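Engineer: Okay, here's what each chain looks like letter by letter:
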Amino acid sequence: MVDLVATDEQQQIANSVAEYLRAELPLDRLTKKGKANSDTDHAKWKAMAELGWFGLGLPEEQGGIGYSEVEEAFLYREMGRLLVTPSAIAASLGARVAAGAGNGELAAAIISGEVRPAITIATSVGEVGPRVSGRYQLFDGAEADLALFLSADGAALVERRALNDLKVSRSGDDALSLELADLNGAPTVAYVGADAGIRRNGLLLAAAMLAGMCEATRDMASAYAKIREQFGQPIGKFQAVKHKCADMAIRADAVNALVAFASITVRDRRADADFQVAAAKLLGAQYALLNAKENIQVHGAIGFTTDLPAHLFLKRAHVLDHFGGAVRRQQMDLLAQPAA
Amino acid sequence: MVDLVATDEQQQIANSVAEYLRAELPLDRLTKKGKANSDTDHAKWKAMAELGWFGLGLPEEQGGIGYSEVEEAFLYREMGRLLVTPSAIAASLGARVAAGAGNGELAAAIISGEVRPAITIATSVGEVGPRVSGRYQLFDGAEADLALFLSADGAALVERRALNDLKVSRSGDDALSLELADLNGAPTVAYVGADAGIRRNGLLLAAAMLAGMCEATRDMASAYAKIREQFGQPIGKFQAVKHKCADMAIRADAVNALVAFASITVRDRRADADFQVAAAKLLGAQYALLNAKENIQVHGAIGFTTDLPAHLFLKRAHVLDHFGGAVRRQQMDLLAQPAA
Amino acid sequence: MNLDFTAEQDVFRAEVRDWLHDNVPKEKRPIIGDETLVYDKAWQKKQYDAGWAGISWPVEYGGRGLSLIQQLIWFEEYAKAQAPYLGNFFVALSHAGPTVIARGTERQKAYHLPRILKGESPWCQGFSEPNSGSDLASLSTRAYVDGEHLVVNGSKIWTSFAQHADYQELLVRTDPDAGSKHSGITWVIGDMHLPGVDVRPISCMDGASHFCQVFYDNVRIPLENVVGDLNAGWSVAMTTLGFERGTAALAEQIAMAREIERLIELSKTRLGPDGVRPAIKDDLIAARLATLRAECAALKAMSYASISRAQRDFVPGAEGTLIATYNSEMLQRVYRMGADLMGDEMLDLDASEDRWTYEYYRSTLQTIAGGTSEIRRNIIGERLLGLPRDR
Amino acid sequence: MNLDFTAEQDVFRAEVRDWLHDNVPKEKRPIIGDETLVYDKAWQKKQYDAGWAGISWPVEYGGRGLSLIQQLIWFEEYAKAQAPYLGNFFVALSHAGPTVIARGTERQKAYHLPRILKGESPWCQGFSEPNSGSDLASLSTRAYVDGEHLVVNGSKIWTSFAQHADYQELLVRTDPDAGSKHSGITWVIGDMHLPGVDVRPISCMDGASHFCQVFYDNVRIPLENVVGDLNAGWSVAMTTLGFERGTAALAEQIAMAREIERLIELSKTRLGPDGVRPAIKDDLIAARLATLRAECAALKAMSYASISRAQRDFVPGAEGTLIATYNSEMLQRVYRMGADLMGDEMLDLDASEDRWTYEYYRSTLQTIAGGTSEIRRNIIGERLLGLPRDR
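Order-wise, the sequence lines are chains F, B, U and G. Under our numbering, the final residue of the first sequence carries the number 340; numbering is consecutive throughout. Under our numbering, the final residue of the second sequence carries the number 1340; numbering is consecutive throughout. Under our numbering, the final residue of the third sequence carries the number 2391; numbering is consecutive throughout. Under our numbering, the final residue of the fourth sequence carries the number 3391; numbering is consecutive throughout.
This is chain F alone, in the form it adopts within the complex:
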C-alpha cells in the first residue's frame, strides 16, 4: 500500500546511523585547523564497514546485507548531514560493480572495508569500459585503493596504482584531497555495463547526501537564529531571517520526499526510476547549494570563516553536484525522459 513514511525498521536504521555519526564523526571534526575528511573518516572506515553500511543495499547472495536502495537512501541522508566523505558512495557502488562483474572477493573486500575506493568526476569526454580513458578528478583518493569511474556506458574500478602520473591539485572542497588523472586505456579490476544501473544508484546516493545537507543547513541556520541576538532580540524574529529559514525548510522537505520516492522507484525497478532519480539529483544539488549559501548568510561573517562548517556544505554541494553530471546535465536527461 502507498506509504512514504519510514517503517519502524527503516527508522531504526536511520536512527542508529545518525547516532553513530553524531558520536564518532561530529561535524566539528572538520572545523579543526587543516582537518580533512581523510583525517577523521578513514579512521572509522572499518567501523562503518562493520556496521554493514557499504553493503547495505546489496542482496545477501552478492555478499550484501540484503536491504534495498530505500534503506541505503536513509543511510546516505544521515551521512550527508555530517558531511561524510563521498568515498562512501564509491564503496557502495564499487561493491555493486565488483559483484556485478563476478568478482565476489573484491566485493567482499570493499564491503568489509579492507579495500577503499574513491569517486572520480570526468573533466573530458572519456571512455568507461573494460579499459578506462579520459581526464578525471579523484576526490579523497590519496590513500584509496581503487578509483570508481561512471559514465552513461557503465561503471568500472581501477586500481589507484594503475593511475599513472597522478597530479596533486588544490581542491575546491578543503575537506577532500584532489588529484588529477589522465587515463589512456587503464586496465580495470571490475567493469559492468550501463544495464547494471550503477550510475543511477550513484545519482540516488548523491541526491540522498544532498538531501541530508539541506536538512543540516536548515537546522544549523534556525538553531543560530534562535540564539544569536541583535537589536535586543533573536535574529530569527526578523522576517528576513525567519523567511530564509522557512525557505530552507521547504527545500529540505521537497528534496527529502523526492529522494524517498525515487529510492522506491529504483528498488522496485519502476519505469519512472530514471525520471525520479534525475529529478532528485538536480533538485538536491540546486537546493543544497541554495541552503548552504543562505546558511552562511544567516550566520553572517562567522559563516564565512572556517570556524564553522557552513562553508563546507557549500563546497561539498558543488562536488556532489558535479558527481554524475551537474544540474544542467540532469535537466537535459530529465527532459529526455517520458512523462512520469
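It is worth saying that the hints were derived from the structure and are not from the lab. Do not take every clue at face value.
[Claimed, not checked] Heads up, simulated DSS-like pairs for lysine-lysine below, C-alpha to C-alpha not over 27 Å straight-line:
#1 K2026/U to K2041/U
#2 K3268/G to K3281/G
#3 K2041/U to K2109/U
#4 K3281/G to K2268/U
#5 K1167/B to K2028/U
#6 K2109/U to K1226/B
#7 K2281/U to K3281/G
#8 K3281/G to K3181/G
#9 K167/F to K3028/G
#10 K1046/B to K1033/B
#11 K3028/G to K3041/G
#12 K3046/G to K2281/U
#13 K226/F to K3181/G
#14 K44/F to K32/F
#15 K3046/G to K3109/G
#16 K1035/B to K1046/B
#17 K2118/U to K2041/U
Please read these numbers as outputs of a predicted model, since none were measured by experiment.
Position chains B, U and G against the provided structure of chain F, taking the given hints into account.
Structural biologist: Just chains B, U and G now, kept in the frame of chain F:
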C-alpha cells in the same frame, strides 16, 4: 562635464508633464468600470500635442520643439507613471518617420495631434520597407489614423484604412484595444531605413515608460504599506513587505539611471548607444514586470481586483516588453554588441 | 515504504476510471456566470447518483465511507480524466462538509451533508474582512445573541461563489470583550438567502469575478446553526484550514503535472525566442521546463508523504503549509512559462487558445489567497522551526 | 545632462593614463602574507612620489586638491589599467583619511594624512564586535578616561588588515550610562603597536585570512587621538560610512565590467554544459551574461548619477545603500557565473587559472560585510521610502 542630474530646464519639463498628467489623466481614470486608455487619453490627445510632447525630441527644422532624446525620456517616464497610451510612442516615432521620409506635412499633422498613429507588434517574420508585410498586433488603434511598423530594417507608417481584414481580438491589456492585421505588401505613407535609428528611439521611449512604471509601482506599494494595518501595525513594518519595497526601489533607481544614461548616448550619437538602449529596454521590462507583481503581492487580494490599477502595470509591462522585441531578444542583441 | 496499491485498490481504481471515462461531461465547464451553477450541480448530482460522491465521508450521510487511499485514487483518476473543477461545490466539499463532519451536531450533519453530496447546496466561505486579511483573528463582523438567534452586522470580503452559494461558513465576533482576539469568535452556518444579506461581486484582473463582498444588515441566524460552541469558533476554523490541504491538493498537483507536460508539448510546436528554432531547443526554456518537472515530482512526493502520515494518524503539523507554499509558487512559474511560450501572442487572449495568459494572470492570486506567501513563511518558521513570533 | 568631459579633463585623463601605463607594477599583487604589505607600501609611495596620491585630498597635507570628476577619472583609468587593489591602504585611503579630513584636528591631519599618502601608515577599521554586528551601535568595547588617556578593554572582530595596520579607526563606549545606545560612543585613533593590543587572524572559507579579531587589555590611547568630541563618535562613524561609497565604488564597478567581459571571452573558449558547444552558444548562459552586462551598465549609470549629485553638493541620502546592495549582489552573480563557466573544473582551484572559484567563494562575503543585505534593505525601506522602523 559629466552630469547625470537633470538641468533646471529638464526638471521643469518633467515637472510640468507630471503636473499635467496628474490633473488630466490620473491613474484612477483606468479603474472606472470598462474604461480604457482610448476613453480618456484620446480626449487629451490634442492638448498633449499642443504642449509639444509629440515633437519634443525633434529638431525645429523638422517641425519639432528642438529638445532631444534626453528630454523626451523624461516625458515618457512621466507618461509611464500614469500609464498613458503607448500610442504616444507611435506619435513621437511617427513624426520622425514622416519627417525623415520628407513628408513634412504629415510630420506636422502628427505633432499637432491631428493625425494619430498607433503601435504594432509583429507576431511573424515580416517585412517593413516601402511596403509592409506580415502579421501584426495593433494596440489602441481602433480609432487611430495610422499604424507604425518597426523592424531591424526600418520604420514605416501605414494608413489604418489600408490594413485590410483587421480582426478585433481580446487584449491582454484591458486598457488597450487589440486588433490583428495580416499585411501583404500594404502601401506606406512614409518609410525610413534602419539608419534613421527609429527602432532605437522606440526602444528608448518604451524603456523610459517602463522606468516610470517601476517608480509608480514602488510608490504605490510603499504608500499602501504605510497605511494598511494588520496585526496592529502598518504592514510596511514587517520585513517581508519592507524588503519587497526596498527591492522595488533598487530596481526603479537602476532603470531610471540607465535610461537617463542611454538617452544621452542616443542624443550624442555615441558608439555605445545601441548597447545602452538594449540594456535599458531589457532591464526596464524585467524590472517593471517584477515590480508590478510585487506591488500586487504587497496589496494582497485588492491588488488582484480591477478596483486598483495594480494589475494594469503588469499587463502594460508585458505590452511594452514585447514592443520592439522582448527581453530574450534584447539579451541577444545586447550580447552581439561590442563591450561598452 | 511503498508506492504500490493493493489488489483491492487496483480494482477500485479500475472502477473509478471506467466510470469517469464514461461520465465526465463532454462540454467544458463554463468559467463565469450562472451557467457554472447549473453545470456544477448537474455534475455533482451525477456523481452522487452513481455512488461516487464523498468517497471518504460517512455512509450514513450519503458518503462511501472509504479510506484516504481510495479518496486519493479517486482524485488521481479524477485529475487524469480531466474531470471538471469542483467550482461552486469546492468550499462545500473541501472545507464546509469536513468541518461539519468533525464538529457539527447530529442535526447539522443530517441536514447539510446529503445536500452537499447530492449537488443541491453550494457553500461559500466567510472568513476574511476588509480589515482582517492576513490577521484573520482580528475580524470585527459582530453578532449578538437575541433570543434563539444570532444577529449579524458587518461585512465579509474575498468570498468566492457567494453569488451562487446557499450556505456560508461564517466567522463572527460574538464576544468583543474576550481576553484575546482569538477568543470570542463563533463559527456559524449562514443561510445566504436570509433577509439582510447583500452580495456584491468584485471585478478581478483575470476578467472573471472570483470574489464578492458580502454585507450583513441585522441578519438573524438561528443559534442552532452554531458549529462547535459559542465563542469557540477559532478552533473550529483551524479544523477547517487543515482540510484545505490533503488529498484534494493531490488532485490539483496531478492537474499541474499535466499542465507541465502540455507545456513541454507546446514548446515543441511554438517558435522559441530566437524566432527560428522550436522553443524546446532554447536551452533556457528547456532548463525551466526540466526544473518544473522535477519540482512537480517533489511536490507529488511531499503530498504522498503527507497522506501517508495522515493514514497513520500522525497529528498534522505545519507541513501542509510547506506543501501549500511550494505548490502555489510553482503554479505561478508554470503559468508564467505558459505565457512566455506564447511569445508575442501572450498579449492576445484570443490567440491563447489554451488560456495560458488567463491562467498566468489568475495565478497571481496563488501567493495571496488562503494565506499569503509571507504569512505561510511565518507559520513555517514559527511552528515548524520554532523561531520566535514577530507579532 | 552630459557624459562628456571638458578638454582640460581630457588632458588630465591622458596624463593619468600615460603615467599608469608606465608605472603600474608588472608583478601581480600577492594575495596573503607580509609580502602584501611590502607591495602595497611600495606602490602607494610610487604614486605619491609622482604626485598621484590623494587626487581630491587637500594640497597642504600632500594631496592634489582636485575635483571629484578628476578623482573619478583617476579611478576609471586606474581600473582600466588593471592597477592593483589598494589592499592594506584601502581603509586609510577610503575611510580613515576622509574622516580625519572631515572631522579631525589640525594636528591629526598634519600627522596622519601625509603618512597615509606616502604609503607609510596602513590603517584598519575597528567597528564590529562579536556581539555587535548588524547592530553596531550596541558595541561594548569599553574605554574610560584616566588622566590624559583613554583606557580600552574589549575586543573587535572582522578587522581586515589588522596584522599590518599601524593605526585603527576605533569605536569605543566611553559613557555606558548615556541615554541611548548611539550616545556615549567615541571615535578614536588607535595605535596598533600599543601594549595590550593583541591581533589574532581568523581563517576564512576562501583560504585567505581576511579578518582578525583584536583584543584590548588596558590599552592606553592619548585623549588627543579622539576624533570629533568625546561621546560623539556615532556621528563621526556615520561620516565614515558615507565615504564607503562614492568615486571609489566606481573603480570597483569598472573592474566588475571588465570581469564580465572576461566572462564573455571565457564563454567562447570553454565548453558549455552540453559538453559539445562553446558555453556562449548555450542560451541560458548567454541570457545570464547579457543580463550581467545590462545590470553593470545600470550600476555605472547609478554611480554617475550619485557623483553628479555629490558635485552639486546635494546631501547624500540612502542612495549609496541602493548602489551598494545592487553592486554586492551583482558581484555574487558575476562570480557564480565564472564558477559555472569553469564546469567540473570549478572544483579544481589550480585549474581555475583565473581564480573564478576563489572569487566565487570570496563573493559570499559581499552580502555580509559592510552591512548585510538585510540591514541594507531595512535602510532603504526606512530612510528612502519612509516605512516604519521594525527595531
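Engineer: If you draw a straight line from the CA of K3281/G to the CA of K3181/G, is it 27 Å or shorter?
Structural biologist: violated, 56 Å
Engineer: Would the hint linking K3046/G and K3109/G be met if the CA-CA limit is 27 Å?
Structural biologist: holds, 21 Å
Engineer: Check the hint pairing K3046/G with K2281/U against an upper bound of 27 Å on the C-alpha distance.
Structural biologist: Distance ~56 Å between K3046/G and K2281/U Cα, so the pair is violated.
Engineer: Quickly compare the C-alpha distance for K2026/U and K2041/U to 27 Å and report which way the hint goes.
Structural biologist: Holds, at about 15 Å.
Engineer: Next pair to validate is K3268/G with K3281/G; report whether the Cα-Cα distance is within 27 Å.
Structural biologist: holds, 8 Å
Engineer: Tell me if the straight-line CA distance from K1035/B to K1046/B falls inside 27 Å.
Structural biologist: holds, 20 Å
Engineer: Under the criterion that the straight-line Cα-Cα distance not exceed 27 Å, is the pair K1046/B, K1033/B satisfied?
Structural biologist: Answer holds: K1046/B to K1033/B is near 25 Å, not above 27 Å.
Engineer: Next pair to validate is K1167/B with K2028/U; report whether the Cα-Cα distance is within 27 Å.
Structural biologist: Status holds; Cα separation ~26 Å.
Engineer: Does K32/F sit within 27 Å of K44/F, going by the straight-line distance between their CA atoms?
Structural biologist: Cα-Cα ~17 Å, so holds.
Engineer: Measure nothing beyond the straight line between the CA atoms of K2041/U and K2109/U; if it is 27 Å or shorter, mark the hint as holding.
Structural biologist: holds, 20 Å
Engineer: K2281/U and K3281/G: Cα distance at most 27 Å?
Structural biologist: holds, 12 Å
Engineer: CA of K3281/G to CA of K2268/U, is that 27 Å or under?
Structural biologist: Satisfied, since the Cα-Cα distance of roughly 20 Å is no more than 27 Å.
Of the numbered hints given earlier, the model fails hints 6, 8, 12; all others are met.
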